[in-house]
Amino acid sequence: MENKKNMKVLIAKPGLDGHDRGAKVVAQALKEAGMEVVYSGLHRTIDQIVNIAVQEDVNVIGLSIMTGAHIPITQKLFQKIKEKGIGDKIVFVGGVIPSRDVPKLKELGVVGVFPGGTPLAETIQFLQSISKKG
Amino acid sequence: MELVDKVLRGDEGSAARLISMIEEGRDEGYEAISLLFPYTGKAHVIGVTGAPGAGKSTIVDKLAISFGRQGGKVGIIAVDPTSAKGSGAFLGDRLRMRNAEKLEGVFIRSMAHRGFPGGIAKATLGAAYVLEGLGKDVILIESVGSGQTEIQISMICDSVVTVLTPDYGDEIQLMKAGLLEIGDIVVMNKTDRPGAVEAAKDIEFYLMSHKKQHWQIPVLTVEAIQGKGVEDLIAALKLHRTYTVENSQGSSKKKENIKRLVLAIFKEEFWGETLKKIQDKAMFDDIFQQLQNSTIDPYKAVRMVMDLALPTE
Ligand SMILES: Nc1nc2c(ncn2[C@@H]2O[C@H](COP(=O)(O)OP(=O)(O)O)[C@@H](O)[C@H]2O)c(=O)[nH]1
Ligand SMILES: [Mg+2]
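For the protein sequence lines, the chains are F and Y, in the order given.
Per the working numbering, residue 1 is the first one in the first sequence, and the count goes up by one each step.
Per the working numbering, residue 1 is the first one in the second sequence, and the count goes up by one each step.
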């Protein structure tokens, strides 16, 4: 019987964009890498995403954003998770992210940025390495 | 314990943490459950089982809304299978519970079954206690949905709903899968599909001729997407609840069930602990070496492993 701590990840789609193939591919890959993955579905508000993260007690939140609004969305997420007392969650961002915005996202508290086209193995390896540290 | 106090005061974050601790099998988690236990036993714990795609999540969503409208405080535990090849799981039930999720006060927790048999996880019962501690009085548990009999879910629930669809096949298939062996209420879902009413009649006839207890299992027709038939389902659930409380057959079943669940958990834990103790021994490898060289047969290997695990003095 498995009694160990398993990594639990929320893959969330905030905002308006209606494309979730990428998010689903990442979710599937993380599952195959041995993680428990909750997928939020499309068109989620930040409040809903944070609510799910609280109830599911995930270790990691992955935001998939294709609309270009990644900075305000990420800013709002950090504000809300701190309010809810779960500011310690590991947050990563994927989607359409220009490289010039990466430093700003990291400054906000994002641990990893994986723009579309990043090899899945890289994302997985990254998450596994930080979970070992935590 | 501070965590327990917080749960009892309605703090969702603490409840979520505590459920994780039970999933991880941590001593602190079990101590907290012992403290919560005296506060439990009053909620109506309802299990929803049935094959993949039958409509379990959709029905849970609709039930949560209707119970919520009637003033019920609803908690949901949705169990999904852990991959047979590893520890990963895709927890997707929540996606179909978006209406319930929007309701104030509905707490939804997804959970991977982590290899536990019978449609639930080892931590599912603990999670139900936590949700009751949090103040929920209706707890809906969606099973893994293996398409076969999920015995363990019936051990932790007051009422079990078995969800079928018109394409379930024929009576023989139903019997083979054992789907009608558990379940206090049968739902024929997707009545917008052809053949649903006839299928429901067939099952009703089958159940009437196989009646084993005082409770007559009703067969209800439901179109979950439209919410049709959900009020009748709630009425049937309430009736069944009354039956289990008032009828001695109902309450003695509950006592028997909890004993069976403890034995089921014991079996899993005992197996895990035993394997940990013996798998590093040289003899353990040696047995499998012999098995692979075909110098011993599989049953001989099992007996040798047994001797290793439980040596006779
Ligand atoms: N036609 C029809 N489809 C339904 C009905 N109820 C659920 N579904 C669909 O059946 C699929 C599986 O539903 P879901 O609730 O996820 O099933 P589960 O796997 O048993 O949890 C989804 O696409 C639902 O929209 C219904 O009453 N009629
Ligand atoms: Mg489901």
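Read the hints as simulated data drawn from the structure, not as lab findings.
Only a predicted model underlies this, so the values are computations on that prediction, with no experimental measurement involved.
We treat Cβ as the ideally placed atom computed from N, Cα and C, and that holds for glycine.
Among these hints, one or two may not hold up.
Cβ pair distances, simulated, as ranges [as the list claims (entries may be wrong)]:
| id | chain 1 | residue 1 | chain 2 | residue 2 | range |
| --- | --- | --- | --- | --- | --- |
| 1 | Y | 98 | F | 71 | 45 to 55 angstroms |
| 2 | Y | 205 | F | 82 | 30 to 40 angstroms |
| 3 | Y | 283 | F | 131 | 58 to 68 angstroms |
| 4 | Y | 247 | F | 78 | 53 to 63 angstroms |
| 5 | Y | 231 | F | 78 | 37 to 47 angstroms |
| 6 | F | 109 | Y | 297 | 34 to 44 angstroms |
| 7 | F | 71 | Y | 267 | 48 to 58 angstroms |
Hints versus structure:
no. : hint                              : verdict
1   : Y:98 - F:71: 45 to 55 angstroms   : violated (27 angstroms)
2   : Y:205 - F:82: 30 to 40 angstroms  : violated (60 angstroms)
3   : Y:283 - F:131: 58 to 68 angstroms : violated (35 angstroms)
4   : Y:247 - F:78: 53 to 63 angstroms  : holds (54 angstroms)
5   : Y:231 - F:78: 37 to 47 angstroms  : holds (43 angstroms)
6   : F:109 - Y:297: 34 to 44 angstroms : violated (60 angstroms)
7   : F:71 - Y:267: 48 to 58 angstroms  : holds (52 angstroms)
Hint check: violations occur at hints 1, 2, 3 and 6; the rest are consistent with the structure.
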